[in-house]
Amino acid sequence: MTSSNQGFDQELDARGLNCPLPILRAKKSIAALGSGQVLRIIATDPGSVKDFEAFCKQTGNTLVSSGQAEGAYEFLIRKAS
Amino acid sequence: MAKRLQASERRASILAVAKVLFADKGYHGVSVDEIAVRLAVSPAVLYRHFSSKQALYEAVLSEIACTRENYVDVVVRGPDDFGGMLAKMTLMYVESVARDPDYLRMELHAALEGSQAARQFFENRWRPFADYIEFGLGELRKEGHLAGVDARIASLMFQGMVREALYAKIIYQADRFREYSLVDLVKQLVAMFLRAVGLG
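As given, the protein sequences belong to chains A and B, one line each in that order. Counted the way the numbering used here counts, the first sequence spans residues 1 to 81. Counted the way the numbering used here counts, the second sequence spans residues 1 to 200.
These aren't lab readings, by the way, just hints derived from the structure by calculation. Please note that the accuracy of each hint is not assured.
What the hints assert, rightly or not - Restraint-style ranges between C-beta atoms, simulated for each label pair:
| # | chain 1 | residue 1 | chain 2 | residue 2 | range |
| --- | --- | --- | --- | --- | --- |
| 1 | A | Glu11 | B | Tyr167 | 55 to 63 Å |
| 2 | A | Glu70 | B | Ala44 | 27 to 35 Å |
| 3 | A | Val49 | B | Asp24 | 29 to 37 Å |
| 4 | B | Gln116 | A | Gln6 | 39 to 47 Å |
| 5 | A | Lys50 | B | Met157 | 24 to 32 Å |
| 6 | B | Ala44 | A | Glu11 | 52 to 60 Å |
| 7 | B | Gln116 | A | Gly16 | 28 to 36 Å |
| 8 | B | Gly114 | A | Gly7 | 47 to 55 Å |
| 9 | A | Lys57 | B | Ser42 | 44 to 52 Å |
Just so you know, even glycine gets a beta-carbon here, dropped at the ideal spot from N, CA and C.
When you get a sec, could you build the whole thing from the sequences and use the hints?
Laid out in structure tokens, this is it:
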């Protein structure tokens with residue numbers, strides 16, 4: 001399955017949530033995706049950068065990109081095949 | 001004469017001694033001179049590593065922050081239900097505090113001393129529970145699995161309960177709870193909490 005034109009298939013707004021909630025919600029969102037689909041996550045918790053790196057390492061999903069803009073963090077995660 | 005240490009070893013030894021003293025007497029109860037005496041060095045040695053007592057105190061807090069609980073593992077491996085996840089997070093937290101009881105004493109002192117930074121630090125350590133309970137119970141209520149529970153008050157109840165268990169077992173070492181291990185005590189409290197909010 002391929003991602004849409006905007007580069008992701010589903011979006012999760014985790015702004016205002018602190019660890020472990022962004023990870024927990026991402027886990028649920030990814031479970032609903034098909035293999036190879038991409039989830040975009042927007043978060044404000046500074047700890048989420050390390051948390052999503054660890055999350056992808058442990059789950060086998062791919063952290064496609066990780067960045068920061070306008071006071072928020074953006075992560076693109078591709079679900080493992 | 002004190003043994004000459006590498007800079008990193010000296011810094012680590014200062015942090016270790018300062019943590020014990022701050023835990024025993026609080027921030028205001030300890031002077032830089034006292035820490036230096038305990039280390040058998042001059043205060044100038046301390047100031048080479050930390051610009052002030054405040055900087056040293058913050059470095060001690062920062063060391064604790066570096067070893068903060070990693071809940072990612074719990075989320076990835078853990079049960080998906082609200083109660084199972086809460087129990088796992090709580091056990092991870094209390095086991096971590098039990099390994100480093102000075103942390104708990106510093107938290108108690110910080111509550112009375114009024115340092116905003118320290119209070120914020122300790123609040124942040126409890127924050128995952130407050131947020132998880134408020135958000136989790138809120139979602140369960142929306143889904144119709146729960147009624148009549150104020151999620152914010154429930155999170156306060158939970159925090160008070162776990163904190164008191166930590167005090168009883170770690171600070172007071174109360175005879176009354178001698179027969180319970182900290183882990184057993186916390187497991188039972190979490191189960192009671194879940195029943196109290198209607199999830200048991």
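Right, here's what the structure says about each hint:
Remark: the range hint 55 to 63 Å for A:Glu11 to B:Tyr167 is contradicted by a beta-carbon distance near 43 Å. At about 46 Å, the CB distance of A:Glu70 to B:Ala44 disagrees with the hint of 27 to 35 Å. For the pair A:Val49 and B:Asp24, the beta carbons lie near 36 Å from each other, so the given range of 29 to 37 Å is met. Remark: the range hint 39 to 47 Å for B:Gln116 to A:Gln6 is upheld by a beta-carbon distance near 42 Å.
A beta carbon spacing of about 31 Å between A:Lys50 and B:Met157 agrees with the range 24 to 32 Å that was offered as a hint. About 56 Å separates the C-beta atoms of B:Ala44 and A:Glu11, a value consistent with the hinted range of 52 to 60 Å. A C-beta distance of roughly 22 Å is found between B:Gln116 and A:Gly16, which places it outside the suggested range of 28 to 36 Å. Between B:Gly114 and A:Gly7 the C-beta distance comes to about 49 Å, which sits within the given range of 47 to 55 Å.
Range check, A:Lys57 to B:Ser42: Cβ separation about 46 Å, and the 44 to 52 Å hint holds.
Violated hints, in rising order: 1, 2 and 7; the structure is consistent with all others.
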